[in-house]
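Number of protein chains: 2
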Amino acid sequence: MKNKFVTLLASVGMCALLGAQTWIWYPGDYEIWLGNQMNNRRTERGAFFPPFWKTDSHYVVVEFSKEVDLPEAETIQLSVEGRYNVKLDGKLQFGMPDKLIIPAGKHKINIKVWNQLTPPALYVDGRTIKSDASWKVTYEDKEWIDESGKASDTSTTVYMDAGSWNFNSKTSRPSLFRLPCKPLLAVSSISVENGILYDFGRETFGYLDFSEMRGEGKVLIYYGESKEEALDTEHCETMDILSVQDGTVIDLALRTVHPLTNDCYMMESSKAFRYVYVVCDEQISVGKVSMQYEYMPETYRGSFQCDNDLLNRIWEIGAYTMHLTTREFFIDGIKRDRWVWSGDAIQNYLMNYYLFFDSETVKRTIWQLRGKDPVTSHINTIMDYTFYWFLSVYDYYMYTGDEKFVKQLYPRMKSLMEYVLGRTDSDGMVQGMTGDWVFVDWADGYLDKKGQLAFEQVLFCKSLETMVLCARLAGEMQDARGYEKLASSLRKKLEPAFWSEDAKALVHNRIGGNQSTSVTRYANMFAVFYDYLSEEKQQLTKQSVLLNDSILKITTPYMRFYELEALCALGEQEQVMEEMLAYWGGMLKEGATSFWEKYNPDEKGAEHLAMYGRPYGKSLCHAWGASPIYLLGKYYLGVKPVKPGYEEYAVTPALGGLKWMKGSVPVPRGEITVYMDRKTIRLKADKGKGYLYVAAKKQPKASVGELQKVAEGKYRLWIDTNQEITVHY
Amino acid sequence: MKNKFVTLLASVGMCALLGAQTWIWYPGDYEIWLGNQMNNRRTERGAFFPPFWKTDSHYVVVEFSKEVDLPEAETIQLSVEGRYNVKLDGKLQFGMPDKLIIPAGKHKINIKVWNQLTPPALYVDGRTIKSDASWKVTYEDKEWIDESGKASDTSTTVYMDAGSWNFNSKTSRPSLFRLPCKPLLAVSSISVENGILYDFGRETFGYLDFSEMRGEGKVLIYYGESKEEALDTEHCETMDILSVQDGTVIDLALRTVHPLTNDCYMMESSKAFRYVYVVCDEQISVGKVSMQYEYMPETYRGSFQCDNDLLNRIWEIGAYTMHLTTREFFIDGIKRDRWVWSGDAIQNYLMNYYLFFDSETVKRTIWQLRGKDPVTSHINTIMDYTFYWFLSVYDYYMYTGDEKFVKQLYPRMKSLMEYVLGRTDSDGMVQGMTGDWVFVDWADGYLDKKGQLAFEQVLFCKSLETMVLCARLAGEMQDARGYEKLASSLRKKLEPAFWSEDAKALVHNRIGGNQSTSVTRYANMFAVFYDYLSEEKQQLTKQSVLLNDSILKITTPYMRFYELEALCALGEQEQVMEEMLAYWGGMLKEGATSFWEKYNPDEKGAEHLAMYGRPYGKSLCHAWGASPIYLLGKYYLGVKPVKPGYEEYAVTPALGGLKWMKGSVPVPRGEITVYMDRKTIRLKADKGKGYLYVAAKKQPKASVGELQKVAEGKYRLWIDTNQEITVHY
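Those protein sequence lines, which keep their order, are chains A and B. Number 314 in the UniProt record's numbering belongs to position 314 of the first sequence; there are no gaps in the numbering. Number 628 in the UniProt record's numbering belongs to position 628 of the second sequence; there are no gaps in the numbering.
Honestly, the hints are just simulated from the structure, not real lab data. Given the structure is predicted, the values throughout are model-derived calculations rather than measurements. Accuracy of the hints is not assured; some may be wrong.
One copy or any two copies: either way a pair holds, since identical chains are not told apart in the list.
[To be verified] Result set (DSS-like, lysine-lysine): computed pairs, CA atoms no more than 30 Å apart in a straight line:
#1 K687 <-> K659
#2 K714 <-> K449
#3 K689 <-> K643
#4 K54 <-> K106
#5 K54 <-> K170
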């Protein structure tokens, strides 16, 4: 009975999703516009700092249309962001009507909106007619009339399904969207020289709030993720200056003027900090200083607990780091860039699938990163980031099963791939051309970026394979065949081009057709978890590269993510557990309250704060620092989708040296919970069917069903119930 | 002495032009943005009516840069439209500084501006450093830094020269631009039923102005280009409704609210009209009604006068029609569309070269029409209009010699041609595909739009030839060679494909490789003045098509423009003079105060007002109606450039049956004046050198120099002075 009930709920949920009455817009446009608000909030010592790649914007004129068939007449109410017109069955209505009577029968409603500042958006409220994803939108209807007044054929006009988020009431206008805030007090304050240093206890984000600002003069505000940074007024990365006079406050960075009311003033710009050092002119004092903490409302749907407290703490700080960097979009770090970066985002997405399962923010970030045609550079200007963007669509589809999104996005996937294919060399491989940033990693050592990098070809190949899948989902079979050819041709070239028998590994790159002698971890670890190497070569690589300390060490959590994932995929959970405790535990020992952009255990004290040639250049709250969230969910609790949207799952729990662990992994409309100790596994899955894989010396026993042996010491159990199953092993 | 003085003035003029301190932006961006304001002012009976093609917009983030080498330090003042930052030698300055000290020596200034609503724009005022076209702009500087803080190579970043117009003071912000207005009174008013009909004496444009609005209630306003239209409250094309209460006026079409101050209210929307019919509710009266005439300030640099008063009147009404349709851009007609259309615009440009020589409005219109990449349809969705766009660039270059503009525009010419080339058939010809509007003309008869239209191939071929020239100007020699091949291949196919020995003419079209039997004027007349036919075939065509009354008659001034031009090019000035007097004279007899979109002398009374299946659909002030301006300047005064920018000219005056004529044609920085009667020609050219061509039975005599005989009855005189020359013939 329960099973049936859940199915019913799920289908009700689906209907609600499709029919939700909500503000709609051209798909991707609100996302791109909101991304501009986000990306343009970066500042550097009070200077505005926009991105260096092309900033796209929304289509300024959009037409919304819908065909209806009504049993009886109904009145619809219209709310619109922009100047608009309304056509009923082709007839223009006077002015900008805010309500319209639609007679019974078949009718066509067209609403065309112009808005330069914010995306054209529409909210329609009727008894049965409601704005939702079933409305069609276009930026050019090509509906001309001939001399006789006859309308043209619009059959080749490209109509998309309207985009939306959660603006589900008339008054929640998309352009007014702001993240919510709540007040936070400083945990301590001390006088330092002419100013006061406030400590908010841990890394945080928001608006400084003054409630006892009295007198006149300047207030200098220096923010710091560390105490050192806040107190170093010459070098801290972010700062503000207020000038108070005649009852008004001038924010000198923004050149805005606001009244000072009841001695209260809240900063207009948000900042990331733990410490704030406030220095006032003699004639002014600020008294009590608090802040408004700004955050994305998220439910922590994933969880992890075990017998190791340090690991539990790592998970918690990882989750907090993720939460801080999950904002309007998944961003890199909250202090410095505050930009959306594709290489960072793909990791956020993966962590997110094990923490919030916030699909909307994934989709929004993917739209934002892609921007508009024409493509004039790689995503974020970085070649690898273009490839991560493709891969992230594949991941999204696997975790959510959201085929519709892939279909909507496909034209922009295709034009981006056309850009890439237009820049391949005579081997059909990619090399960095002038204007391309070949990033790979922030490495503590020389990383050759010239010629054909094995790492880039591996990502390129996987991107082509992603295009095959997505072209099929979009029903573009000819495209799929084309991408299939390219992918298989490139894949066949990888080993001959980069495998070195001497090194027993893929070499780093090839210049003028000649393999270099350099071996790095990057290509090898990606080849492992994409299964691009034979079983034998995978094992060779493990020894010659992954577990070989003489190979250039990875010092960013960014690439540690993949390094540790590759080791987990090779069954090295115990080794990875030690690494996690040492590396992330190492940051905690250094006092981290969120995880960092980069961490080299060999560095000491304030060395940890420096990067980019600047003493506080490093971000101490960086999304890519939170990867244990992902590793623990996917390779210890062991949960992953096998078919899109967890229609089929695989659960392969591994203690990796722990005594016990328990946790949950969110899936669409539910969760999978896992408990494991050295004798027992308990599993409960709200959705889908799948195999539980158990490593055991002898045949384990299950409370329901029977385990099959799949290999020496490996058993599996097919689960098609949503009741808890217990396995003794 | 005078000669020297003029040269000096001219060179001073050049300097001023290059070094003018002015607001700058990304080239084309202000034009596209202003175009959106223009194109979105169309209304239809109080409903907003935006275009049906893609509306592009400005780049929202733009970087401006300049390298300077100063003998001594100087302070610059910055005015910016948008949020911005300032870098001096790579170092970001705090906040948004409005002044900056640049030390002596070499320095680099970078200013990055974000503006969603209006184009990022910059005004820099220093002793020697001034914002002008020498500043570089880009929408993506690709200037990233590596881990050590080292900046990337930006050598492939695409920098353009900044765009500008005439916003030459700090306070004349581009986004605030409005055309000027002046008050005009109605010439009469009469009561009709419940309302009052105001007559402004002739076609005009602007804002209705009420100065004695008293009481409360609704005011209904019906505009008409004709009396019939204004009084037909159910069918007039434009209307407004005001609702006055509690001291405020609500414009119901715009849904805006304004205070009623001292009983005065001026309409917010401009309209085109001669008549206005105002109907008030019983409780309200509007008293005196006047208007604010809105216009583009232009100097009438071209002139024409002759012994025929009707022709003089045609020229005057043509000039007024041109002036009314010369607004922020050259538009089609002032009542209905008020949009920028490429096929209309190319004629405005040509008339403009003989009237205002307003190069800025030509450039602005060309940028606006082109919009941004990607190209998703033909210009205005019309195939022929794409080709006219290319041709208009060629014309502009010939008349002005402005090579710099062609260079700036070239990348957008190329991507538009790529769009066209991507849609050619296996013969390398263009056919209308679904979504393409094949316009040709509003014909009073069936015009087949299927298959390969000879007319479209002729325009396509000329466009390819234009690309050859422009690619060379832009230094893109490989492109030029490619276009040359395509152009010559297509040109060779024209006669075999379309010439019919039976018809002695080019046939209208070819379907599936088979010539149709239909012959129309269009392809034949264009082939004549592009010199695509042999001398013999040209003459055949003249008899078989151009002077043959059984071929479908042209009833738009639009195509009459080309028809009469072709006849003039064939030396038929007397015939064309008769046609002009009959056709444009015919409109004047019907009471025209500006020239119309379409005129069929066979129609009667209110039939003249109808079009598009609507009783007042026709525009009675349409730019393409003004072509006598062009014909009289080019084929009677006979002035045209032979080398770009009139460095060399040709003057071939022809009385075409007149007793005498005199007039002037503007050239860059000066004019060419011509007087001619049946015995004498007088010519004075401020600029360039060139030939005066004289048709005479015996050797004419010149006041300076000697005429050479070039053919039987044809003589020419080389002129390289700017003094007046008299020739007796």
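We went through each hint and held it up to the structure:
Taking the closest pair of Cα atoms, K687 and K659 come within 30 Å of each other only inside a single copy of the chain (28 Å); across copies the shortest separation is 95 Å, beyond that limit. With identical chains, the CA atoms of K714 and K449 are never at most 30 Å apart, being 42 Å at best within one copy and 71 Å at best between copies. For the homomeric pair K689 and K643, the shortest alpha-carbon distance inside one copy (10 Å) is at most 30 Å, but the shortest distance between copies (79 Å) is not. Proximity of K54 to K106 under the C-alpha cut-off of 30 Å is restricted to the inter-copy arrangement: shortest distance 29 Å between copies versus 44 Å within a copy.
In this assembly of identical chains, the alpha carbons of K54 and K170 lie at most 30 Å apart only when taken from different copies (28 Å versus 33 Å within one copy).
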